[in-house]
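Construct the complete structure from the given sequences, taking the supplied hints into account.
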Amino acid sequence: MRLAQLLVWESDGRVAEMLRECAAKQQWALHEVRQAEACLGLLRHGGRNVLVVKVGRDLEAEFTLLEQVTRCFPEASVVVVGDGDNPGLADVAWDLGVHYVLVPPQPRHRLVDIVTGLMKSPAKRSEDES
Amino acid sequence: MAASPTPEPNAERAKSDDGLRWTAFFQRSQIPIFLLNRRQQLVFVNRAWEALTGLPLGRVRGSLRRRREQRARPFEALKPLMRVLRPPREVLDGQTARIRRLSPRGQVSRGWWEIAFFPLGGGDQLHGVLGTIQLAPLPGAGPASPLPEKLVNLRLQRCHEYRLDHLHSELPAMQRVVEQVRLASQSSVPVLLVGEPGTGKQWVARTVHQLSEQREAPFVALDCSRLPALALEDVLLGEHQPAQRRGVVYLKEPASLSRDLQDQLCQWLSHGEEAEPNRWRVMAGCSVDPALELRAGRLREDLYCQLSLLTIALPPLRERLADLPFLTEQILRRLHGDTDRRITAVAPDALDLLHNHAWPGNLRELHAVLSAASRRARGDRIGLADLAAYLRPSVPVPERALPLKTLLAQVERRLIELALRQTKQNKSRAAELLAIWRPLLLRRMKALGIEEQA
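Just so you know, the protein sequences line up as chains A and B, in that order. With this note's numbering, the residue at position 39 of the first sequence is 39, and numbering never jumps. With this note's numbering, the residue at position 255 of the second sequence is 255, and numbering never jumps.
Please keep in mind that the hints were generated in silico from the structure rather than gathered at the bench. Cβ atoms here follow ideal geometry from the backbone N, Cα and C, with glycine treated the same way. Keep in mind that the hints are not guaranteed to be accurate.
Said to hold, decoys possible - Residues of chain A placed beyond 10 Å of chain B at every Cβ, according to the derived structure:
{"no.": "1", "residue": "A4"}
{"no.": "2", "residue": "D12"}
{"no.": "3", "residue": "Q27"}
{"no.": "4", "residue": "L30"}
{"no.": "5", "residue": "V33"}
{"no.": "6", "residue": "L42"}
{"no.": "7", "residue": "R57"}
{"no.": "8", "residue": "H99"}
Stated by the list, open to error - Which chain B residues face chain A? A few, computed with CB under 7 Å, are given here:
{"no.": "9", "residue": "R155"}
{"no.": "10", "residue": "L335"}
{"no.": "11", "residue": "R392"}
Given below as structure tokens:
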């Protein structure tokens, strides 16, 4: 069975550090990506993928990646982490179809819970369960 | 037995004097201050707090924790305020915390509060929590940096994909959907979309939004079955709303929300637009029949009534196979950019294969199939060999004709043999297993030449 993949796009490694312990415990393959093609290549493997993108350093590259991922890989879950200075960025991210935008005043440690939740398979309930 | 020592009257008086001094000190402060006891009930507020909130202590005393027995309207109206004043978990563990929360709607003007919580107590015993409130500037409230033009264009391009002509179909059920989308886009009532997983509920919801007057405001889609409750609460209940403008919040599987959140959402929806002009429009998508969710107790009936003011039912893909050419063209156009080549079409024999598939995953499955196939394709169109193997029929076509009667006899023989093996040659039980009379089983065994085994 293919390992679930946790992809992190950022410049300073902090988000990856925050998620490393959880990824190891849950046996997710954690990839720190800095090139769009590498990120898309990993997503093409299929399986359960969560991509965390920290925005603010190179907005054009970051949002171009978000646009491409949400369009071509709608099954991947995407979380954007920002610093809250420009609420318009959150609007664009939501409209592109990301699964969550985490900005202050929300605490950063909530990211672990969000990623863990998104790694779950979507709840499937059938008529048999009623 | 010696009597317990009575407290010294002077000590009691000193304690009382200290209390009065502290009270007077807090009352003189310009900073709004509140005091919670260890049960998180409000026991003291100063004049600055009353001026900020417009609420005197007598009205709010003891009301921070929800009390099920209190159903009075004034208490219900205070709930948004009480939620904002709730201390975070670390404070209950003895740590100070400073947190920003959006001010509650209703009695106070909109803005951010920076609330500092100070636990009171010694050792492991928490006696209470002291809180102060400062008005804080809205994050990004100053002149925000304009968005780069490319980002604005990305957003516009994506939003333009949600168009009515993308819902074109020959199927009457889909034509009804188009009419309902038009209707929904002209109002702001909640919309409930119902359909199997992968039928495009969120796509249709986004189309409604793009056709409506609020298209400039964001569309926030929340997966209620996977996101943690606190993250959902932040968006739904106003602690973290993008950009202070009307937008849409789309709830995927609202029956997955906790009971508490469903309760709060229901109350929020019932307040109506007149009370809160700049509020979310709510849409929801259910992949399980809401009637089943109601029967199972997973979805509150009153919340369902609020959400289903306009219900749009989406048919599964297997009922709209006539739309496959149009749908594949649309999907391939969207996928352009993931490969080096532009794949524009699907070959006729490949399209036939797609027609023969049941599509249990609906449009989502079709997207995945075309996405994988477009990466395998060598030319500018997808051929039969590019499609996933599981789409091809597993039963090989026989090289010579096989009469149906012979085929059916072979199948019947095999089933009887299996039933007899399973029941250890007990013909009565085998007949029961096959749901036929025992005499019929015996006749068929004789006709097919199946010998009884010891």
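Okay, the hints, checked on the actual structure:
| no. | hint | result |
| --- | --- | --- |
| 1 | A4 | 13 Å, holds |
| 2 | D12 | 21 Å, holds |
| 3 | Q27 | 18 Å, holds |
| 4 | L30 | 19 Å, holds |
| 5 | V33 | 16 Å, holds |
| 6 | L42 | 13 Å, holds |
| 7 | R57 | 13 Å, holds |
| 8 | H99 | 6 Å, violated |
| 9 | R155 | 5 Å, holds |
| 10 | L335 | 6 Å, holds |
| 11 | R392 | 19 Å, violated |
When held up to the earlier numbered hints, the structure conflicts with 8 and 11 and fits the remainder.
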